[in-house]
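Chains A and B, in that order, give the protein sequences.
Residue 108 is where the first sequence starts when you use my numbering, and the numbers rise one by one after that.
Residue 5 is where the second sequence starts when you use my numbering, and the numbers rise one by one after that.
For the record, the hints were derived by calculation from the structure and aren't laboratory data.
We put the CB at the ideal spot given by N, CA and C, even for glycine.
Some hints here could point you the wrong way.
[Stated by the list, open to error] Computed Cβ-Cβ distance ranges for the label pairs, DEER-style: (1) B:Val76 x A:Arg115: 17 to 23 Å; (2) A:Lys116 x B:Ser49: 19 to 25 Å; (3) B:Gln154 x A:Glu143: 21 to 27 Å.
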Amino acid sequence: MPDPMIDRKKVKKEMDALIEMITHPAFVAAMKEMKETPVAARRKLAKDVLAVDALRNAGVTMPRGMRVTTRYFEPGKTEAIQVSPDGRLSTIKLPKELVIRGGGLVSWGGCACGGGLSFCGGAGGSS
Amino acid sequence: MENVKYAGLDFDRAELSKVMEEYYSDILEFILHPAFQQTFAEMMSLQPNLRPTFVSEVWLEPQELERRGLRVPDGVLIQTSAFGDRRPTLFVVKKFLPEKYHRAWENVNWTFNNEFKDEDVPNDPESSWRLPLAVSVQNALMSGGFDLQQAPKEMAIFQELDGPEIVRSEKRPVNESVA
Chain A
108 MPDPMIDRKK
118 VKKEMDALIE
128 MITHPAFVAA
138 MKEMKETPVA
148 ARRKLAKDVL
158 AVDALRNAGV
168 TMPRGMRVTT
178 RYFEPGKTEA
188 IQVSPDGRLS
198 TIKLPKELVI
208 RGGGLVSWGG
218 CACGGGLSFC
228 GGAGGSS
Chain B
5 MENVKYAGLD
15 FDRAELSKVM
25 EEYYSDILEF
35 ILHPAFQQTF
45 AEMMSLQPNL
55 RPTFVSEVWL
65 EPQELERRGL
75 RVPDGVLIQT
85 SAFGDRRPTL
95 FVVKKFLPEK
105 YHRAWENVNW
115 TFNNEFKDED
125 VPNDPESSWR
135 LPLAVSVQNA
145 LMSGGFDLQQ
155 APKEMAIFQE
165 LDGPEIVRSE
175 KRPVNESVA
């Protein structure tokens with residue numbers, strides 16, 4: 108059995124900081140505003156209301172390394188594709204099973220990730 | 005933490021915090037299971053470019069996880085994903101919150117990445133809110149040792165206007181500069 112690489116105390120501490128951040132009224136208000144915005148306009152809005160500096164200016168304590176980004180979840184395995192040594196990709200198709208939720212594929216989320224860490228806590232709100 | 009009633013929502017900060025803590029704890033107990041830790045350690049002992057294949061062959065294979073003594077709890081999902089900032093991510097353990105809270109947050113998760121330097125992954129709004137790469141593309145690039153930041157934007161998924169589809173790369177070199 109290797110030494111544990113995921114430490115309970117460390118994860119719990121990060122989790123507590125994350126919850127404090129993403130439940131902040133300004134963060135929740137920004138997420139709610141996103142939800143109420145047409146999908147096509149969300150990324151443009153997010154660059155303003157969910158930018159790290161904007162949230163910080165609104166009073167949210169943002170842990171070091173915090174990132175708020177678009178995120179896309181894959182519900183299952185993906186098709187394997189080939190990349191040649193010079194970086195050329197073969198054509199790919201979108202697996203039908205990707206379309207599983209009415210809102211589409213792209214979601215957004217906060218993820219408190221410090222540089223170099225191999226794991227981090229996050230939360231998301233699907234579009 | 006001071007409790008606050010959220011404007012326009014039928015729950016307050018204390019309630020949301022409590023349910024998030026409960027759901028995170030479910031994830032936490034799963035990822036702290038000895039079989040999870042052992043499997044995670046095995047993956048991280050591999051070279052970074054070999055880990056996407058390990059994810060596909062182990063983390064996304066329920067039978068393989070069971071063989072290793074790991075049962076995924078009901079309501080917990082193991083998935084792959086891609087971020088707009090293109091950090092080199094491997095897989096995520098996720099749990100959906102009750103629907104009541106989806107007007108704010110929909111899920112909580114714990115994400116596992118290849119190690120990266122913070123300065124190597126941009127954190128500005130323009131970069132952060134790009135459309136993510138398709139996971140299959142991302143993983144192929146990671147397996148080939150390519151820099152995800154250099155992948156042309158045409159490799160991103162595209163879903164905002166006409167529904168989901170992947171914009172194809174059509175033999176464009178990864179390191180080709182794109183305006």
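To see whether the hints hold, each was checked on the structure:
no.: 1; hint: B:Val76 x A:Arg115: 17 to 23 Å; result: holds (20 Å)
no.: 2; hint: A:Lys116 x B:Ser49: 19 to 25 Å; result: holds (23 Å)
no.: 3; hint: B:Gln154 x A:Glu143: 21 to 27 Å; result: violated (36 Å)
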